[in-house]
Every structure is written in structure tokens, then in C-alpha cells.
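Colleague: Protein chains in written order, with UniProt numbering: chain Z, 1 to 364; chain D, 1 to 274.
Quick caveat, the hints were computed from the structure, so don't treat them as lab data. All values derive from a computational prediction rather than experimental measurement. Be aware that a few hints might be false.
With a Cα cut of at most 27 Å, we get these calculated DSSO-like pairs of lysine-lysine [said to hold, decoys possible]: (1) K142/D with K203/Z; (2) K203/Z with K129/D; (3) K67/Z with K129/D; (4) K252/Z with K190/Z; (5) K251/D with K230/Z; (6) K22/Z with K48/Z; (7) K33/D with K284/Z; (8) K107/Z with K284/Z; (9) K361/Z with K258/D.
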Amino acid sequence: MIAIGMEGSANKLGIGIMLHPKDGSPPQVLANIRHTYVSPPGEGFLPKDTARHHRLWVVKLVKQALKEAKVSVDDVDCICFTKGPGMGAPLQSVVIAARMLSLLWGKELVGVNHCVGHIEMGRLITGATNPVVLYVSGGNTQVIAYSSQRYRIFGETLDMAVGNCLDRFARTLHISNDPAPGYNIEQLAKQGKQLVDLPYVVKGMDCSFSGILAAIDGLAKQWGLGGEEKAREDEQKTIDSTTAADESSGSKPTRADLCFSLQETVFSMLVEITERAMAHVGSKQVLIVGGVGSNERLQEMMGIMARDRGGSVYATDERFCIDNGIMIAQAGMLAYGTGFRTPLSESTCTQRFRTDEVFVKWRD
Amino acid sequence: MEEYKPPTLPSPFNSTTPPPILLTQGAEAHLYKTTSLNPSIPAALKIRPSKPYRHPILDRRLTRQRIISEARCIAKLVREGVSVPALLALDWEGHGGEEGGWGGAWLMMEWIEGPVVRVVLEQWEAWLKQNAGSLDSSQIEKEEARVRDLLRKMGAAIGVLHKAGVVHGDLTTSNLMLRPFAGASDAVDGTGSPSMEGDVVLIDFGLASQSNQDEDRAVDLYVLERAIGSTHPRSEPLFEALILGYRDSYKGAISALKRLEDVRMRGRKRSMLG
Numbered sequence: 001m002i003a004i005g006m007e008g009s010a011n012k013l014g015i016g017i018m019l020h021p022k023d024g025s026p027p028q029v030l031a032n033i034r035h036t037y038v039s040p041p042g043e044g045f046l047p048k049d050t051a052r053h054h055r056l057w058v059v060k061l062v063k064q065a066l067k068e069a070k071v072s073v074d075d076v077d078c079i080c081f082t083k084g085p086g087m088g089a090p091l092q093s094v095v096i097a098a099r100m101l102s103l104l105w106g107k108e109l110v111g112v113n114h115c116v117g118h119i120e121m122g123r124l125i126t127g128a129t130n131p132v133v134l135y136v137s138g139g140n141t142q143v144i145a146y147s148s149q150r151y152r153i154f155g156e157t158l159d160m161a162v163g164n165c166l167d168r169f170a171r172t173l174h175i176s177n178d179p180a181p182g183y184n185i186e187q188l189a190k191q192g193k194q195l196v197d198l199p200y201v202v203k204g205m206d207c208s209f210s211g212i213l214a215a216i217d218g219l220a221k222q223w224g225l226g227g228e229e230k231a232r233e234d235e236q237k238t239i240d241s242t243t244a245a246d247e248s249s250g251s252k253p254t255r256a257d258l259c260f261s262l263q264e265t266v267f268s269m270l271v272e273i274t275e276r277a278m279a280h281v282g283s284k285q286v287l288i289v290g291g292v293g294s295n296e297r298l299q300e301m302m303g304i305m306a307r308d309r310g311g312s313v314y315a316t317d318e319r320f321c322i323d324n325g326i327m328i329a330q331a332g333m334l335a336y337g338t339g340f341r342t343p344l345s346e347s348t349c350t351q352r353f354r355t356d357e358v359f360v361k362w363r364d
Numbered sequence: 001m002e003e004y005k006p007p008t009l010p011s012p013f014n015s016t017t018p019p020p021i022l023l024t025q026g027a028e029a030h031l032y033k034t035t036s037l038n039p040s041i042p043a044a045l046k047i048r049p050s051k052p053y054r055h056p057i058l059d060r061r062l063t064r065q066r067i068i069s070e071a072r073c074i075a076k077l078v079r080e081g082v083s084v085p086a087l088l089a090l091d092w093e094g095h096g097g098e099e100g101g102w103g104g105a106w107l108m109m110e111w112i113e114g115p116v117v118r119v120v121l122e123q124w125e126a127w128l129k130q131n132a133g134s135l136d137s138s139q140i141e142k143e144e145a146r147v148r149d150l151l152r153k154m155g156a157a158i159g160v161l162h163k164a165g166v167v168h169g170d171l172t173t174s175n176l177m178l179r180p181f182a183g184a185s186d187a188v189d190g191t192g193s194p195s196m197e198g199d200v201v202l203i204d205f206g207l208a209s210q211s212n213q214d215e216d217r218a219v220d221l222y223v224l225e226r227a228i229g230s231t232h233p234r235s236e237p238l239f240e241a242l243i244l245g246y247r248d249s250y251k252g253a254i255s256a257l258k259r260l261e262d263v264r265m266r267g268r269k270r271s272m273l274g
């Protein structure tokens, strides 16, 4: 069985082709390509621009994916698309493309929950059997555990997603959005040394990030570290790194210190709620998925926590962590295998689609 | 995978005989069974080891804050007569590490006999599943009534806690214990279904805080509701009984329950239909 997965719930457009061999041997990735809409520093991606980006690229990417996978249209069994959750306009442009391909080629559609896509791809790549899942990205922050055919949400953010918090702080500092704002924060944080005091908000199994963002934005303003000019100074400093060490000893935090403190604080919160979920369900495996999951500091912290509990952490790299098409193909094909189909009349998308709404028929 | 070793105990517990027995490793703390003053008096020892994944400054700040607030809450609840384990001793600075270093803060409490409610409900659900074929509807009803009764007692216990001006912060079925009545035999009632007799005792105030706000109280109930939903799906429909027990337990309960409705609507990406 071969499936095409089409993902475009945020600023990445991903097309992936997966093969599930009939003899039951492990699934194979035939093609996994992605094109990202990158907005200028200091700005986020707007739905309408992102949707236009997806519309412009989708045909090209599908063609390229088929070529790369060396399969013809006739070999394809089904077309899987992201039904939600995500941004409305980008979702719509991809669902229209999926519908068009379905009619054009006479293939059946499978609507996939984005979060379940992440989880299934993570399980496939890492081989984790029944992990506690930390799903962290620009739009979602959830701690998930599987129980009686649902991916149940143990804890989640009460306001904004952790990736959104990082991305927006990158905007405050005018850090580049290429390849991803979170990635650039991670690089800058490596130079940070001083930990500034930030709120630490864990409420039971849930956490909250909006207050932390407000606090650190306030600090950036107070120390005059935000804005375009400072970003340019920063760039120059890294070019002639002779002046790098001079300010680090004083009490005035640097831009790097703020990034460092933000990461340390929010990741500690995430590791804490994940540990609580592990303790609660008695699991020793953790799987990190989602864009923020490719952050190496988060993986490191999670690794230390898991080791102290006698367990292990499973993480993937950016090919599978960051939104992609194959995860949609993978989760779609699992559902397709159990007889699930999305009729054309129901091939809609939705911004709100909780992980626990999906009936996971393919696991017991 | 390397073999897991629990962290070394802070003094004086590294030299007591018999050594403390590790009972559970929670998310935040390790719980040991030890003795207090006299080898015949059992006590629960809760150690918050340092979390190596956290930045040391952040780690000390959180550990210190939490153990002190936990101790204050317990002390207050004991004064108010809420059924919680009594506080026996405390070290918030964690000076007991090797060579006087940071060894983790600790707290010693009264020993509570009995299972946690999670185990009781799990046993009950397993038992029900096993005997599903042989039970008629009136028996199932009787069984459910027993669980409802337990949930009502839990609700009442939480009500008394809230009345005393403390919110738990981490209400799960693992943090509620069922202490059998003094003198009651261990034997389960004839049906093989677990006993649900006894006092509900609240434990683990690691995330508790002093608050009289409806918001905090409602979040407490919501956390418990979701914990029951995710770990005891069979008992979830009976949650209403807990609400009833809670409502009758103190005066402010009505407004806290009203707030609960709002809190339920709050998670992200909930379907907004209806």
C-alpha cells in the first residue's frame, strides 16, 4: 500500500509518500519533502500569506515527491491530508489540493489529526512501543498517554503553545526566522550563562506560558535588548568575537542570557509535567515530537530526567519532528488499514480538533 | 541501558538502622518508609532530591519554595483538623548531602495505613471486567453505588480541605488514600470486589498552596476529574457523586462548582460546538 500525505497546518508545506509493504515488513519512507514559508525577522507568518505560499507550491511538491519516490499515480492507494488542528487558511489550501487530486486520480481520501500524525511517526521512527508523548510545537503543547484506543491528554498548555512563546520572543529580539525562530534561539542560548528570574507556571499537569512571555518581553525592554538595532549589533559581535566576553560578568543580562533563561525555565516546566505523567501512568519511555522536540537542550534535559527514572527518551531529528507529509501518510495509512475513509462530502478541515477525539482503531 | 540507582540519602537517614525502604518514586520526590524517634513508630519520609536536568539556581529555588509551602500547608491542615498525615520534621535547606553539600530537602510525616484510591478503583474496574458476564444489572448497580459512596467521601474530604483555605494543586487518585477504620479486618467483602470502607486521607501537598479563590478550587476539582477520566474510564461516569459530596461539605462549594463549569471549557482546541 502506498499513501501520499499532505500537510500544511502551519507555515510548512510537506508532501510525503509512505509504503506499507503487503508482507508486513516495516513501512518505508519513499519521499519526504517540505517547503517552509519564512517571514522576515520581527514578524510572524500570517494565515493569508502562508495559504498563498501553500497554493503556489503544492503542485510542484507533489510532482517532485512522486518523482523522488519513483512511483506512478496508479501505485498510490490513498491520499491523506491534515484535517486539523492548525491555522484555517493554510489548512484549507491543502485540503483543496487533496480533494482535487482525489477527484483527478480517483483515489480515496483519509483525513488525519495532525497530533496523531506526529505521534505515529515518532513511534514508527524510534520504535517506542507505548511511550508518554510530549508534543511540543508552535501550535501545540500536550503531554499524551495512550489508553483504551485514545491518545489521552494528561496535561497541556492553558494559553499559548511553548513554540509560540519562543517564536514570539524571537520576534521581540528580531532574530531571524530562517530556518526557524526556535532554532536560532537555541543557538543564541548556547552563549547564555546568567539565569534571570522568570515566572514558573505549572498548574497540576498543565502549564502556562503567556505570563512568562510577558515577563521576558518586559525584561528585554527594561534592558533595551529588543528591536532591530540590537539584532544587528549582535551579528557584528559574532563576526569580530573579540568583544564577546566583556559584558558577561556584570549583572546586566545579555540577549543570549535571556534566550538561555527562557529555554531553561520553559523546558524545566515541560520536563516536569512529562515526569508527572510518567509517574502517573507508570511508563518509562518518553517520546518527544513536534518542532520544539528537535531542540537539543530539551532532549538533553528529558534524557537526564528519564535516566533518573530508569527509563529512556526517544526523539527524532528535524526530518520527522518538524511538520512533514510522511507523518500524515503514516497515520492516514494506519487508519486506512482499518477501513477508515473520508468521503468527499466530509473532506473538510477544522482549526479545533483535539487529539483525544480520534478513535485509535489500529492499536489495542 | 545503565542500571538505575536511587540517589544517596541525606544524613541522618544514611545511617539509620534499619535503613529507610524506598516505597515509590514520584515525579517530584522519593517516598521512604522509616521510623521516627522509636523503631516501633513508622513514619513516611519524603525526599526531594535535586533535579539534575534543571539549572541549579532554578532547582534550589523551586525545591525550597515547594517543601516550605508543603510543610506550611500540612501544618495548617493539621491545625484545622483535616485528615492529612501530621508533620514530624523538616529540612528545607538540604544540608544533609555528602560533605555538607546539597543533598535534597526532606520532610517527615506520620505513617498512614491503607491503599491509595487509584489502586482501589483499578482493582474494582479489573474485578468488574472479569466478572462482567456473571453480574446482573442489580448487582452492577450495587457495585456502582459503593463506588459512588467512595467518590462522595472523596468529594467531602476535598471540601473540608478547601474550607480550611488550602488547595491541593495535584489531585489525582494517587494522592488520596483510603485508611481502613481502626480494628477493621483486612478481608474484602464476600464478593471479591475491593473494600471501600474507611476514611479518605489526603496526601502529597507538594503543589498545594493557601488559597480561598474559587478559581484555584475549581482547578483542583478539574484536575481530579481529568485524572479519573484518563486512569479510571469505568468510574468516570460516576464523578457526579464526587461533586455532590463536595457540594454539601462547605458553604463556598456552590460558587467553586460554578467556576468549574468555566474551567472545563478552557482547554485548547476544544470543539466549540453546542
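Colleague: Take the hints in turn and mark each one as holding or not.
Modeller: A quick look at each hint next to the structure:
no.: 1; hint: K142/D with K203/Z; result: 36 Å, violated
no.: 2; hint: K203/Z with K129/D; result: 34 Å, violated
no.: 3; hint: K67/Z with K129/D; result: 52 Å, violated
no.: 4; hint: K252/Z with K190/Z; result: 17 Å, holds
no.: 5; hint: K251/D with K230/Z; result: 56 Å, violated
no.: 6; hint: K22/Z with K48/Z; result: 41 Å, violated
no.: 7; hint: K33/D with K284/Z; result: 24 Å, holds
no.: 8; hint: K107/Z with K284/Z; result: 41 Å, violated
no.: 9; hint: K361/Z with K258/D; result: 36 Å, violated
This entry does not satisfy hints 1, 2, 3, 5, 6, 8 and 9, going by the numbered hints stated previously.
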